[in-house]
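Student: As a plain string of letters, each chain reads:
There are 2 protein chains.
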Amino acid sequence: MNPLSLLFPRLGRVAVVAAVASVLSPAQPLRAAEAPQTVRQWDIFELELKGPAEGNPFVDVQVGARFSDGSRTVDVAGFYDGDGVYRVRFMPDHTGGWRYETKSNRWPLTGRIGSFTVTPPAKGSHGPVRVHNTYHFAYADGTPFKEIGTTIYNWLDTPEEVQEQTLQTLAASPFNKARMLITQQPESYQRKFAPPRWPFAGKPPHDWDFTRFNPDFFRHYEQRLGQLRDLGVEADLILFNPYGKWGFETMDAASDERYVRYVVARFAAYCNVWWSLANEYDFLRTKTEADWDRLGTLVQQCDPYNHLRSIHNGSLVYDHNKPWITHASIQNGSAVEEPGRAELYRDVYRKPIVYDEVKYEGRSPYRWGNLSGPEMVHRFWCGTVAGTYVGHGDYFFTTVEDTWTSFGGQLTGESAPRLAFLRKIMEDGPADGIDPIDKWQDPRVGGKPGDYYLIYFGHETPTSWPFQLYKNGVTAGMRFKVEVIDTWAMTIAPVEGDFVAKKKDGYDFVDAQNRAVALPGRAVMAIRIRRLGADGAPVKTELPTD
Amino acid sequence: MNPLSLLFPRLGRVAVVAAVASVLSPAQPLRAAEAPQTVRQWDIFELELKGPAEGNPFVDVQVGARFSDGSRTVDVAGFYDGDGVYRVRFMPDHTGGWRYETKSNRWPLTGRIGSFTVTPPAKGSHGPVRVHNTYHFAYADGTPFKEIGTTIYNWLDTPEEVQEQTLQTLAASPFNKARMLITQQPESYQRKFAPPRWPFAGKPPHDWDFTRFNPDFFRHYEQRLGQLRDLGVEADLILFNPYGKWGFETMDAASDERYVRYVVARFAAYCNVWWSLANEYDFLRTKTEADWDRLGTLVQQCDPYNHLRSIHNGSLVYDHNKPWITHASIQNGSAVEEPGRAELYRDVYRKPIVYDEVKYEGRSPYRWGNLSGPEMVHRFWCGTVAGTYVGHGDYFFTTVEDTWTSFGGQLTGESAPRLAFLRKIMEDGPADGIDPIDKWQDPRVGGKPGDYYLIYFGHETPTSWPFQLYKNGVTAGMRFKVEVIDTWAMTIAPVEGDFVAKKKDGYDFVDAQNRAVALPGRAVMAIRIRRLGADGAPVKTELPTD
Numbered sequence: 000m001n002p003l004s005l006l007f008p009r010l011g012r013v014a015v016v017a018a019v020a021s022v023l024s025p026a027q028p029l030r031a032a033e034a035p036q037t038v039r040q041w042d043i044f045e046l047e048l049k050g051p052a053e054g055n056p057f058v059d060v061q062v063g064a065r066f067s068d069g070s071r072t073v074d075v076a077g078f079y080d081g082d083g084v085y086r087v088r089f090m091p092d093h094t095g096g097w098r099y100e101t102k103s104n105r106w107p108l109t110g111r112i113g114s115f116t117v118t119p120p121a122k123g124s125h126g127p128v129r130v131h132n133t134y135h136f137a138y139a140d141g142t143p144f145k146e147i148g149t150t151i152y153n154w155l156d157t158p159e160e161v162q163e164q165t166l167q168t169l170a171a172s173p174f175n176k177a178r179m180l181i182t183q184q185p186e187s188y189q190r191k192f193a194p195p196r197w198p199f200a201g202k203p204p205h206d207w208d209f210t211r212f213n214p215d216f217f218r219h220y221e222q223r224l225g226q227l228r229d230l231g232v233e234a235d236l237i238l239f240n241p242y243g244k245w246g247f248e249t250m251d252a253a254s255d256e257r258y259v260r261y262v263v264a265r266f267a268a269y270c271n272v273w274w275s276l277a278n279e280y281d282f283l284r285t286k287t288e289a290d291w292d293r294l295g296t297l298v299q300q301c302d303p304y305n306h307l308r309s310i311h312n313g314s315l316v317y318d319h320n321k322p323w324i325t326h327a328s329i330q331n332g333s334a335v336e337e338p339g340r341a342e343l344y345r346d347v348y349r350k351p352i353v354y355d356e357v358k359y360e361g362r363s364p365y366r367w368g369n370l371s372g373p374e375m376v377h378r379f380w381c382g383t384v385a386g387t388y389v390g391h392g393d394y395f396f397t398t399v400e401d402t403w404t405s406f407g408g409q410l411t412g413e414s415a416p417r418l419a420f421l422r423k424i425m426e427d428g429p430a431d432g433i434d435p436i437d438k439w440q441d442p443r444v445g446g447k448p449g450d451y452y453l454i455y456f457g458h459e460t461p462t463s464w465p466f467q468l469y470k471n472g473v474t475a476g477m478r479f480k481v482e483v484i485d486t487w488a489m490t491i492a493p494v495e496g497d498f499v500a501k502k503k504d505g506y507d508f509v510d511a512q513n514r515a516v517a518l519p520g521r522a523v524m525a526i527r528i529r530r531l532g533a534d535g536a537p538v539k540t541e542l543p544t545d
Numbered sequence: 000m001n002p003l004s005l006l007f008p009r010l011g012r013v014a015v016v017a018a019v020a021s022v023l024s025p026a027q028p029l030r031a032a033e034a035p036q037t038v039r040q041w042d043i044f045e046l047e048l049k050g051p052a053e054g055n056p057f058v059d060v061q062v063g064a065r066f067s068d069g070s071r072t073v074d075v076a077g078f079y080d081g082d083g084v085y086r087v088r089f090m091p092d093h094t095g096g097w098r099y100e101t102k103s104n105r106w107p108l109t110g111r112i113g114s115f116t117v118t119p120p121a122k123g124s125h126g127p128v129r130v131h132n133t134y135h136f137a138y139a140d141g142t143p144f145k146e147i148g149t150t151i152y153n154w155l156d157t158p159e160e161v162q163e164q165t166l167q168t169l170a171a172s173p174f175n176k177a178r179m180l181i182t183q184q185p186e187s188y189q190r191k192f193a194p195p196r197w198p199f200a201g202k203p204p205h206d207w208d209f210t211r212f213n214p215d216f217f218r219h220y221e222q223r224l225g226q227l228r229d230l231g232v233e234a235d236l237i238l239f240n241p242y243g244k245w246g247f248e249t250m251d252a253a254s255d256e257r258y259v260r261y262v263v264a265r266f267a268a269y270c271n272v273w274w275s276l277a278n279e280y281d282f283l284r285t286k287t288e289a290d291w292d293r294l295g296t297l298v299q300q301c302d303p304y305n306h307l308r309s310i311h312n313g314s315l316v317y318d319h320n321k322p323w324i325t326h327a328s329i330q331n332g333s334a335v336e337e338p339g340r341a342e343l344y345r346d347v348y349r350k351p352i353v354y355d356e357v358k359y360e361g362r363s364p365y366r367w368g369n370l371s372g373p374e375m376v377h378r379f380w381c382g383t384v385a386g387t388y389v390g391h392g393d394y395f396f397t398t399v400e401d402t403w404t405s406f407g408g409q410l411t412g413e414s415a416p417r418l419a420f421l422r423k424i425m426e427d428g429p430a431d432g433i434d435p436i437d438k439w440q441d442p443r444v445g446g447k448p449g450d451y452y453l454i455y456f457g458h459e460t461p462t463s464w465p466f467q468l469y470k471n472g473v474t475a476g477m478r479f480k481v482e483v484i485d486t487w488a489m490t491i492a493p494v495e496g497d498f499v500a501k502k503k504d505g506y507d508f509v510d511a512q513n514r515a516v517a518l519p520g521r522a523v524m525a526i527r528i529r530r531l532g533a534d535g536a537p538v539k540t541e542l543p544t545d
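Protein chains in written order, with numbering that gives the first Met the number 0: chain H, 0 to 545; chain B, 0 to 545.
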């Protein structure tokens, strides 16, 4: 799946050098004594190797390892971590015994062999998130992943105490995915604390050596990645952005490739990593769409674990049908103003649709940053019943805090508790995801045909909803339990009695007694309908929890 | 652009046979005496050649010609028209002298040379329609084509007098494009008149010889194609459909290819032809998406004139990013219920978006055929201000008429006059087309920044609209003329006085005196805003008419 030639583009030439070196040197491949003997599934097995520190090891030295469980091999690129230290990281995807052998163009780093045992994952560890059921997500162990994302672009460029506060805020929040930049934006935290670390050797604003990385920057980033993982937060890492003007956005193709390879070699073994090739790719005018296609394909080739990959737009939507793209990451707030819009991209891409930016909840003079709390929550519900996913932002600049979305810290807006309420409803809903029930006819209705329906009325203020279900999955006599949900007040009120399906016409079923569901005449109400099984309880659509 | 090898896939082998034949025969290539000496630009130059009638000429004989104007050559496939007659048709795209030489695998048909002169096009003849300005259409001579399409699937399978009536109805209608099937649906006209002609030799329901075409069927079809052309109606020809169950939908790949080549060889010289690979392609379950990609590419290769090409969906939208597709032909009525939906496909495909089926105006028990007249007109306006195009259908089955959309004849619905009114507004509007002005912010507004705005309020019933224009193309002091349009009553009422742009904030301009436009509090109203030039008249956005 990941041939060594991709990991080591110059290995053909280099292998000769290595062979000569091993003839000249009495050293034989040794068991890497420092390597751990056990590792948990989906955790990180790390080989630490000593090697040359002279010259420019970031460019001169290639190192990696081939891991094998006896029936499958995985080739993994390593990286130089400074001070003559090289590392190769591996995230095993099943339990049992694994062996490895290192490969390099430098003799001290090549031919190291060893073995280790993978033990079961820690409780709560479900592995990387994958696409599930075309439009949805699940962890590698099958546990559904109901995404409620947020955005904290530069949270790693703040003082350490703010970073700690960000982690605490996330821990108490509904957010299980966070978008973050790798390279810096121009604005510093509160416009006064400059980033303490930079990804390249050199100094700002433009004195960089793009052939040398700054291991300290990456070690710090990795520490935070691991903490996010342990909190259950997926890290949607944005490789390129148009904002910084530090020169990172105008690197040449070789530097771009070196940067991508280095980032992937360091970060890919973190199971919570997602790759976002760019934020607002089309505002980064130094790159063409073909460049993005090349860089996205490169990430796909370098990443042994096939983490999720996307690219996020400014005003020009990317062609998410490209094969390297696993899900559509779309900025378009308008698309989730009502479910009929949100649904449309599903058919086009036949992949999960994630509205990663729908404007931010906030109080900004910019129109992308002044949604009310209710409008933010409304957009999540529109996206949800349309079978798509929505991202949150919080943009209230105060004198004691910068904005959450720029730098993390604390949340100011009102939406988060309501998004936690929604997430609970999603997690109690169909394990395979909510899909439109009768797309192009009534986009307010999502669910799983015959078993589960979630109807969202948005800005409508009905006082009654005549019970009616589209025919798919429904047969006469089926019994249903109905609840009325206030998406803002966070209440779920059961409706007395069962509803029984009776055929109405060639399209729909209604209640046998033509009952309607009473509604309070307020906006942002929803209805949940679950089919009752033989035991009189709603049929299970979620997976059993452990 | 169209190498002979594509036209004659077996010519390599066949050329030897022809060479042998010309040695054995005393006949030399002759000037084709029957060929016309002049033809109008974009009209059809036709070579009639006598050749073998024995065997199966549809399969055995390949014929074509290379046309040259001295600097460019165009290779054109001919076809067998029965009774030993072969034809090669050519639609010249500019005036002046052309030469030709025929090619064939049969000596009487090969090596015929000749020349002719192309004279200027007839008045009102503008050539084939092309994509213009990414999202729009124009004729080859640059004249904008403002599409108002309709659907008359089987109008050529009705009694002759109904076909004549259809032509009369079209002549008096706003429709400048009509979708029509080539092969038949199962229902006959009024469920009693069977189709008088079939595309293949044999007889219904399933006794067909797919290696032999029925020239009479095609000659009749061509007569009607020419009449549509002369009426200014583009013929959107549907090559395959899932409805007939005559066996045409289960032909093998070789028969599909032979059929496509024959149809293109016969019809492509009609300047009003568009190719629609299929109606509801995804309901034709005998073909895969890869089959459609192959057949669409084949049409592109065979058609020397690069007529517009599309494919129409049932419930699964095709990948209109495929390079052979010139514009997205989409069935989705929901997408034009409001402009915010209609706009979304534009960005995805970056091609013209034509909603070729948005449900039909009618009185059908099927929910795809019971739109009211006002709803049909509403959908056209939604699509128009979103920078897309919409198609009409009329589905009122009566005892004296079948439905317009199935068989032509007469229109029953109320929308057509309002669509004529809309077409006039479109033709008086920007020559380069109406585009969203501030997409994702206010999808009600389409136009050309700074010069022309069309705002459609749909189901809203405002009594006032505060004059406000998005900043693009606008500078302070610009003067605008405002008119209030009733899209159903077909009235255009000028608002007294001019509006003068004054900057409001970082996004918008308002009127210098903060004036608002009074509206009547009814639905389906629109506003047209045109910038006034130095002469006090609206600036020209349309092309001058000849």
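These aren't lab readings, by the way, just hints derived from the structure by calculation. Warning: the hint list may mix true and false statements.
The list treats identical chains as interchangeable, and a pair is accepted whether it falls inside one copy or across any two copies.
Here are the computed lysine-lysine pairs in the DSBU-like style, where the Cα-Cα straight-line distance is at most 30 Å [said to hold, decoys possible]: (1) Lys-501 x Lys-244; (2) Lys-244 x Lys-470; (3) Lys-202 x Lys-122; (4) Lys-49 x Lys-503; (5) Lys-191 x Lys-502; (6) Lys-503 x Lys-423; (7) Lys-350 x Lys-321.
Student: Decide, hint by hint, whether the structure agrees.
Tutor: These are the hints, each one checked on the structure:
1. Lys-501 x Lys-244: Classified as neither: same-chain Cα gap 63 Å, cross-chain 34 Å, threshold 30 Å.
2. Lys-244 x Lys-470: between (55 Å within a copy, 26 Å between copies)
3. Lys-202 x Lys-122: neither (43 Å within a copy, 70 Å between copies)
4. Lys-49 x Lys-503: Answer is neither: 75 Å inside a copy and 64 Å across each miss the 30 Å cutoff.
5. Lys-191 x Lys-502: Neither way: Lys-191 and Lys-502 sit 66 Å apart in one copy and 33 Å across, limit 30 Å.
6. Lys-503 x Lys-423: neither (33 Å within a copy, 43 Å between copies)
7. Lys-350 x Lys-321: both (11 Å within a copy, 17 Å between copies)
Comparing the model with each earlier hint shows violations of hints 1, 3, 4, 5 and 6; every other hint is respected.
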